[in-house]
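Peer 1: Here is how the chains run, residue by residue.
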Amino acid sequence: MQALYAQLLVGLINGSFYALLSLGLAVIFGMLNIINFAHGAVYMMGAFVAYFLLNLAGIGYWPALIIAPVVVGIFGMFLERTMLKWLSGLDHLYGLLLTFGLALIIQGVFQNYFGSSGLPYSIPDELKGGMNLGFMFLPIYRGWVVVFSLIVCLLTWYLIERTRLGAYLRAATENPTLVRAFGVNVPRMITLTYGLGVGLAALAGVLSAPINQVRPLMGADLIIVVFAVVVIGGMGSIMGSIITGFTLGVIEGLTKYFYPEASNTVVFVLMVLVLLVKPSGLTGRAA
Amino acid sequence: MTAITENSIPVTARNTKDEMIAFGLMTALLLVVPLTGVYPFFVMQALCFALLACAFNLLIGYGGLLSFGHAMFLGTAGYITAHALKVWGLTPELAILVGTAGAAGLGIVTGVVAIRRQGIYFSMITLALSQLLYFIYLQTPFTHGEDGIQGIPQGHLFGIFNLANPTILYYVVLAGFLFGFLLIFRTINSPFGEVLKAIRENEQRAISLGYKTDQYKLLAYILSGTLAGFAGSLKVFVAQNASLTDVHWTMSGEIVLMTLVGGLGTVFGPVVGAFVIIAMQQYLAGFGQWVTVIQGVIFVVCVLTFRRGVVGEIAHHFRRWL
Numbered sequence: 066m067q068a069l070y071a072q073l074l075v076g077l078i079n080g081s082f083y084a085l086l087s088l089g090l091a092v093i094f095g096m097l098n099i100i101n102f103a104h105g106a107v108y109m110m111g112a113f114v115a116y117f118l119l120n121l122a123g124i125g126y127w128p129a130l131i132i133a134p135v136v137v138g139i140f141g142m143f144l145e146r147t148m149l150k151w152l153s154g155l156d157h158l159y160g161l162l163l164t165f166g167l168a169l170i171i172q173g174v175f176q177n178y179f180g181s182s183g184l185p186y187s188i189p190d191e192l193k194g195g196m197n198l199g200f201m202f203l204p205i206y207r208g209w210v211v212v213f214s215l216i217v218c219l220l221t222w223y224l225i226e227r228t229r230l231g232a233y234l235r236a237a238t239e240n241p242t243l244v245r246a247f248g249v250n251v252p253r254m255i256t257l258t259y260g261l262g263v264g265l266a267a268l269a270g271v272l273s274a275p276i277n278q279v280r281p282l283m284g285a286d287l288i289i290v291v292f293a294v295v296v297i298g299g300m301g302s303i304m305g306s307i308i309t310g311f312t313l314g315v316i317e318g319l320t321k322y323f324y325p326e327a328s329n330t331v332v333f334v335l336m337v338l339v340l341l342v343k344p345s346g347l348t349g350r351a352a
Numbered sequence: 158m159t160a161i162t163e164n165s166i167p168v169t170a171r172n173t174k175d176e177m178i179a180f181g182l183m184t185a186l187l188l189v190v191p192l193t194g195v196y197p198f199f200v201m202q203a204l205c206f207a208l209l210a211c212a213f214n215l216l217i218g219y220g221g222l223l224s225f226g227h228a229m230f231l232g233t234a235g236y237i238t239a240h241a242l243k244v245w246g247l248t249p250e251l252a253i254l255v256g257t258a259g260a261a262g263l264g265i266v267t268g269v270v271a272i273r274r275q276g277i278y279f280s281m282i283t284l285a286l287s288q289l290l291y292f293i294y295l296q297t298p299f300t301h302g303e304d305g306i307q308g309i310p311q312g313h314l315f316g317i318f319n320l321a322n323p324t325i326l327y328y329v330v331l332a333g334f335l336f337g338f339l340l341i342f343r344t345i346n347s348p349f350g351e352v353l354k355a356i357r358e359n360e361q362r363a364i365s366l367g368y369k370t371d372q373y374k375l376l377a378y379i380l381s382g383t384l385a386g387f388a389g390s391l392k393v394f395v396a397q398n399a400s401l402t403d404v405h406w407t408m409s410g411e412i413v414l415m416t417l418v419g420g421l422g423t424v425f426g427p428v429v430g431a432f433v434i435i436a437m438q439q440y441l442a443g444f445g446q447w448v449t450v451i452q453g454v455i456f457v458v459c460v461l462t463f464r465r466g467v468v469g470e471i472a473h474h475f476r477r478w479l
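Here the protein sequences line up with chains A and B, keeping their order. Quick note on this note's numbering: the first sequence kicks off at 66 and runs consecutively. Quick note on this note's numbering: the second sequence kicks off at 158 and runs consecutively.
Hints may be right or wrong, so weigh each one.
Here are the simulated DSBU-like cross-link-like pairs (lysine-lysine), alpha carbons at most 30 Å apart as the crow flies [stated by the list, open to error]:
| hint | chain 1 | residue 1 | chain 2 | residue 2 |
| --- | --- | --- | --- | --- |
| 1 | B | Lys174 | B | Lys354 |
| 2 | A | Lys150 | B | Lys354 |
| 3 | B | Lys354 | B | Lys369 |
| 4 | A | Lys343 | B | Lys369 |
| 5 | B | Lys354 | A | Lys343 |
Keep in mind that the hints were calculated from the coordinates and are not lab data.
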């Protein structure tokens, strides 16, 4: 049973990353009509910024948790202002191709300087060690990642669904021209939205650094799984992305325990099943 | 719900006479390659990728469906052909047939799933499906995992043509390429191709005119996958191996890149794009990982400033002068 609980925990952690990443993808898609293929690359950049902060400036985990998403978010806004902006009005596919190119560039540059092996990033002192819960041993850092991710996801949901800024955002998704007529600076909102989505990915990167090490290709395969998660959940609802992300992580964890050979493929197989039964995705509107 | 492409994949006006001349020129050029002393393996490899990109282009250029998983057809057909040659000891023509049929079967199975969604979702689904296959091939024994299938005997095509001879192999690959190219050319000029274009421009309207658009899209997808598989089978004879790199998503990305550089939705664009990208990889091989970066830069530059691609741009300017 110990092993089962351990795999469940790993599943919950992966689920946290799926949720944070698919949430960002959904927010970006809502405003920019772009599927951000560079999402895996910015996730990796988040981890690398944390690594640089620690090793070059001696700035530890806690400040990095804020600084890295902000730095990468600003980088994202720069990309939006200089490139993605010019794609508005064009087919969705061009956004996918452009961000795929950006992902190749970012990952290629990091691979040149850091190879493909992992760089260690140690767990902060406050979160070292573990707790014995009676039925299992819980490493504190892993518990922290799950709880913190969940809080960030719910805060993002609150921001978009329950605040005035979120209302503007949702309105601009429905009808940007009308919202502009009301005096809202929609282009700036689009830039900030892209920054927010990218920042969430970078935050996931920082969280994963102590668990998965810091590698240039850490986001490359992950993003494909997240795409499958997005197809399963649909991008229509924020809460849908969060729930789907965590659920699929747990299912993947269970598969690792019961049938490890299929743990790499279970999300893709589920995607096929969902497409056959409910093509628009579990929470999605028809697209 | 909007049309799949919102008219923004550049539609290049076509002229059948120009295309015939271009086709004649291309064939003539390719026929004399062995006499010129150009490294034949480079051209053979480029021809395989050119056919692959043409098959991909059938789907995006005329059906408006961007597949981000076309490497799965290349890799699957390659593995089956290699296995048939090496383990089953089949003759080359049968091995190609089996490999291509395998790709067609894969096209049917994945197509039924993938065409359930459109636009951006279609791309994500095809990418995920190809990643699923990648993991399957990583684990099944017959693909030999990371090593791939190596040392494949080339044999005699129809019992006559010795494929170990580079010149003979070159003409066989060229014949295969021209066959595939003409089949695609015929398809896009057929009533079926016209319906595909109608679906690309406005699927709702095509549905209201009574076309079962899903069936058309599925058929186009299967045809595209089969031809991509045919290219993969031919490539086995050139490379004499079948490995995981052919199924990886980076390969799917390269196929997209070739077509984008040459010109989405142009007849000759994918051929030009394939030669450009393969030549680039050849010359820049010494730069290691920077090749990936350069490919990324080409993606970005093409999307931002050069959406018609080489051939599309040429056709566009020609028209302006006339």
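Peer 1: All the hints need checking, so say for each whether the structure fits it.
Peer 2: Right, here's what the structure says about each hint:
| no. | hint | in the structure |
| --- | --- | --- |
| 1 | Lys174(B) x Lys354(B) | holds, 21 Å |
| 2 | Lys150(A) x Lys354(B) | holds, 29 Å |
| 3 | Lys354(B) x Lys369(B) | holds, 14 Å |
| 4 | Lys343(A) x Lys369(B) | holds, 20 Å |
| 5 | Lys354(B) x Lys343(A) | holds, 27 Å |
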